[in-house]
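Q: Please arrange chain B on chain A, whose structure you already have, making use of the hints.
There are 2 protein chains.
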Amino acid sequence: MDHSLFIYNTLSRSKELFRPLNEGHVGMYVCGPTVYGDAHLGHARPAITFDLVFRYLKHLGYKVRYVRNITDVGHLEHDADEGEDKIAKKAKLEQLEPMEVAQHYTNRFHEAMAALGCLPPSIEPHATGHIIEQEALVRQILDAGYAYESNGSVYFDVEKYNKDHKYGILSGRNLEDVINASRQLDGVGEKRNQVDFALWKKAQPEHIMRWPSPWGDGFPGWHCECTAMGRKYLGQQFDIHGGGMDLVFPHHECEIAQAVASQGKPMVKYWMHNNMITINGQKMGKSLGNFITLSQFFTGDHEKLDQAYSPMTIRFFILQAHYRSTVDFSNEALQASQKGLERLMEAFAQIERVEPTEGGALTEAYAEELKQKCYEALDDDFNSPIVISHLFDACRTINQLVDRKQTITPSGLEALRQTLNVFVHDILGLRTEAQGGSQREEAFSAAVDMLLELRAKAKAAKDWATSDAIRDRLAELGFEVKDTKEGATWRLAKN
Amino acid sequence: MDHSLFIYNTLSRSKELFRPLNEGHVGMYVCGPTVYGDAHLGHARPAITFDLVFRYLKHLGYKVRYVRNITDVGHLEHDADEGEDKIAKKAKLEQLEPMEVAQHYTNRFHEAMAALGCLPPSIEPHATGHIIEQEALVRQILDAGYAYESNGSVYFDVEKYNKDHKYGILSGRNLEDVINASRQLDGVGEKRNQVDFALWKKAQPEHIMRWPSPWGDGFPGWHCECTAMGRKYLGQQFDIHGGGMDLVFPHHECEIAQAVASQGKPMVKYWMHNNMITINGQKMGKSLGNFITLSQFFTGDHEKLDQAYSPMTIRFFILQAHYRSTVDFSNEALQASQKGLERLMEAFAQIERVEPTEGGALTEAYAEELKQKCYEALDDDFNSPIVISHLFDACRTINQLVDRKQTITPSGLEALRQTLNVFVHDILGLRTEAQGGSQREEAFSAAVDMLLELRAKAKAAKDWATSDAIRDRLAELGFEVKDTKEGATWRLAKN
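Chain order of the listed sequences is A and B. Take the first sequence: its letter number 128 is residue 128 in our numbering, and every next letter is one higher. Converting from the second sequence to our numbering requires adding 1000 to each position, the first position being numbered 1.
The hints are simulated quantities; they were obtained by calculation from the structure and are not laboratory data. Incorrect hints may have been included.
Claimed, not checked - Computed cross-link-like contacts, DSS-like style, restricted to lysine-lysine with a CA-CA straight-line distance of at most 30 Å:
(1) K1459/B - K482/A
(2) K1092/B - K232/A
(3) K92/A - K1269/B
(4) K1063/B - K1232/B
(5) K63/A - K1092/B
(6) K1090/B - K58/A
(7) K1459/B - K462/A
To be verified - A few chain A residues facing chain B, derived, Cβ under 8 Å:
(8) S12
(9) R13
(10) S14
(11) K92
(12) I123
(13) I208
(14) A443
(15) A446
(16) M450
(17) L452
(18) D472
(19) L474
(20) A475
(21) L492
We treat Cβ as the ideally placed atom computed from N, Cα and C, and that holds for glycine.
Chain A with its partners taken away, still in its complex shape (with noise of 0.2 Å):
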């Protein structure tokens, strides 16, 4: 930890150098996916640039707390058609169950996230688990005087807010200019001000995710629960909250009115966002209908895709690209990503093939300096572009020392292995893709036949010799070949 890490901090605007609160402690709270709908590309960014973070404090030797939310708070409603009489005589069981369709996207998520190498939260809370501790909030902001309650709803007083405090910090966004941009909707309806932001819905009788409370049936405001769940797993005060650049406004500004209005003081030191994937420059989104799920980019199902796009390529793609770069979508893009993932886990496999020799004219210091200017780039904000660009570096000397145009002493090559073993699998999280998919098992069973084909020529020309050998080695190798009449068959039992 006696490394100089710079943070982007979107509050300030600028790098600052990472203190954690509590020392040798981080606590980092990202916001997680709404499970009602499957994952797609603009989920894989937030969630591989904090696994990126997450992976490199541990890695400098912090005690992490990485807490990253379920939104689970979903807003399904009865058939209207229905009426309410009819939804009560139904059964419980043929009733549409929010929590049903949750956990669905919920495991899928989990899948997705798996596959792309993103190591699990420490803590990842539900919403729907956590509607005590946001109705206490709202308890906090009403009796600190910033909320007001409004037809078994409660709003937060923006205007009051700004008065004491100002809003707006980390967006940059005036109040004035928020308002302006606001006075063009609709009518305020039950809000004092149309900027004004609902801490506590009232459920309307269609609506079926409800809970009671002391304004009345409903539900949390969705800025609620990351303040609520942030200060309850992290503390009054946490180093690092993390999101999409889309959350900044409202949904981050909103956090930070809550944290002061119900605490006095701040929660979140240092404020980080990735910025957005685009394909042809347009923002990918559900409600602009140009998304591709996670899993179609798995099986290449999508008018959009050429092909399929393995997990590490996606990872691999992102992690292309500085977080606070924007990306846009492109086969070709995906094509390149995949060729230079190859190529970097093949080099990094072909180490094992090198033979170092005494007095070579590569040393540790070579795996040192890599590992230097590895750690450097890191330290400049988490910037990945830059470590792959040393580790294709390092590729390049790996195929000279495989080619014997290099050599490289034992201490040394050691060095460079577990340097490249550090940033490739522990920081980076790349690893290789899991073998024995069918296509894979199919051509090994061919090659196997084909050695089966080979000995039984080799019987009928009597040569011995070879047919023994190929026998042999196969049994020891765990194949257990069997000679029928239709010709041998053979069986592998190893998993």
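A: Coordinates of chain B only, in the frame set by chain A:
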């Protein structure tokens, strides 16, 4: 669904015809794990038992909502030596966080379940996420007069309940006996009667997990969560409640009392309980110190284990006994299961090699008979061992077909393949285990190396026909072979 499915109901101690409360729908609640430790073999049994029930009911065409809870209310305490003041001064991040422990073991439990081929339940509610619902339950029982508050805790009044309803209907215990058995224990303390159980417990200062309630800060009694969450997601009355036999008393007995006391009628129609797994005749359990965790089984890393046992071996081992029979663990028994599973899956794979013949001796009637026998076994209280014995009979037939000692028509073969697929894969949930582990890959790779050596030998012997054939066939299969000074190298791009 024209099946006459019989289920053994612990409540009536007899097999009853299964008639769901709502036509076409089944609501099933199963007691899930306490996530403060690794899952052991004892956890695998209910998971696999009710996975079979879930799969079979779905196969029969029911829409099944399967709820399995996560007990994450943890009784972790702050270090008593520290004193309250010191704890209060400690930053949140430096304190033990029970949810971080719970998340860790929840993730490991999910991994083990996936490996065992258990489908995820429809909803996996967390106890900590349903404090409001549990408090509402306690309130109802208090209002009905079957509970009393005492020093910040709330207890269920068993004697009062027993006067109006009968306590002990599930376990067949008599309240007198229960009282006599518990008289030997310590004094009753806050309780009116030793048999009373907690609905809400006051949190001691050192107790970390706590929520506000009308009775003061505390946490729900253990029995509340299943009643509250079962009702929330499945309705006031639902079809099946399952769990291990060790939960009959007191847990499920208390659940019944809570349901009747709060809503005036019982909640569950069919109570199902799997029997225990023993080690040398003794129950396996954390408190007994003789348990082997699932990951220890998967790796073989335990002094009682002669080898590693794959997840599918464990699954098959458990399915080879009827769920209401005891199962005694031994290496011999598991090794026998491993061999049996291999035999089954190999025969199942061999079916692809069978050549059907028009006018074959076996027809679709053979597959139909097999199917009916398997259905009969499952309809008789999910008798999986009988299903497996029928499948082994089919294996023998397949081997005869492979050896051409038996014949089958094309449509008969297709029907047989489909029938096996339904029972082996869909209902028993068995699958060929993930291939491509490193050992397998190594063996295959060595086989390809051998092919390249044979090619080099052929070249040296100027046997161009052979050397070219090997090269061309490998290229066809997707192997890229490169000739280098040091010999040929290859890579396989496929996944």
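Q: The structure should be examined with respect to each hint, and the outcome stated for every one.
A: Hint-by-hint comparison with the structure:
{"no.": "1", "hint": "K1459/B - K482/A", "in the structure": "29 Å, holds"}
{"no.": "2", "hint": "K1092/B - K232/A", "in the structure": "9 Å, holds"}
{"no.": "3", "hint": "K92/A - K1269/B", "in the structure": "15 Å, holds"}
{"no.": "4", "hint": "K1063/B - K1232/B", "in the structure": "18 Å, holds"}
{"no.": "5", "hint": "K63/A - K1092/B", "in the structure": "13 Å, holds"}
{"no.": "6", "hint": "K1090/B - K58/A", "in the structure": "21 Å, holds"}
{"no.": "7", "hint": "K1459/B - K462/A", "in the structure": "19 Å, holds"}
{"no.": "8", "hint": "S12", "in the structure": "23 Å, violated"}
{"no.": "9", "hint": "R13", "in the structure": "27 Å, violated"}
{"no.": "10", "hint": "S14", "in the structure": "25 Å, violated"}
{"no.": "11", "hint": "K92", "in the structure": "3 Å, holds"}
{"no.": "12", "hint": "I123", "in the structure": "5 Å, holds"}
{"no.": "13", "hint": "I208", "in the structure": "12 Å, violated"}
{"no.": "14", "hint": "A443", "in the structure": "4 Å, holds"}
{"no.": "15", "hint": "A446", "in the structure": "5 Å, holds"}
{"no.": "16", "hint": "M450", "in the structure": "6 Å, holds"}
{"no.": "17", "hint": "L452", "in the structure": "10 Å, violated"}
{"no.": "18", "hint": "D472", "in the structure": "11 Å, violated"}
{"no.": "19", "hint": "L474", "in the structure": "7 Å, holds"}
{"no.": "20", "hint": "A475", "in the structure": "11 Å, violated"}
{"no.": "21", "hint": "L492", "in the structure": "6 Å, holds"}
In the structure shown, a violation is registered for the earlier hints numbered 8, 9, 10, 13, 17, 18, 20, in ascending order.
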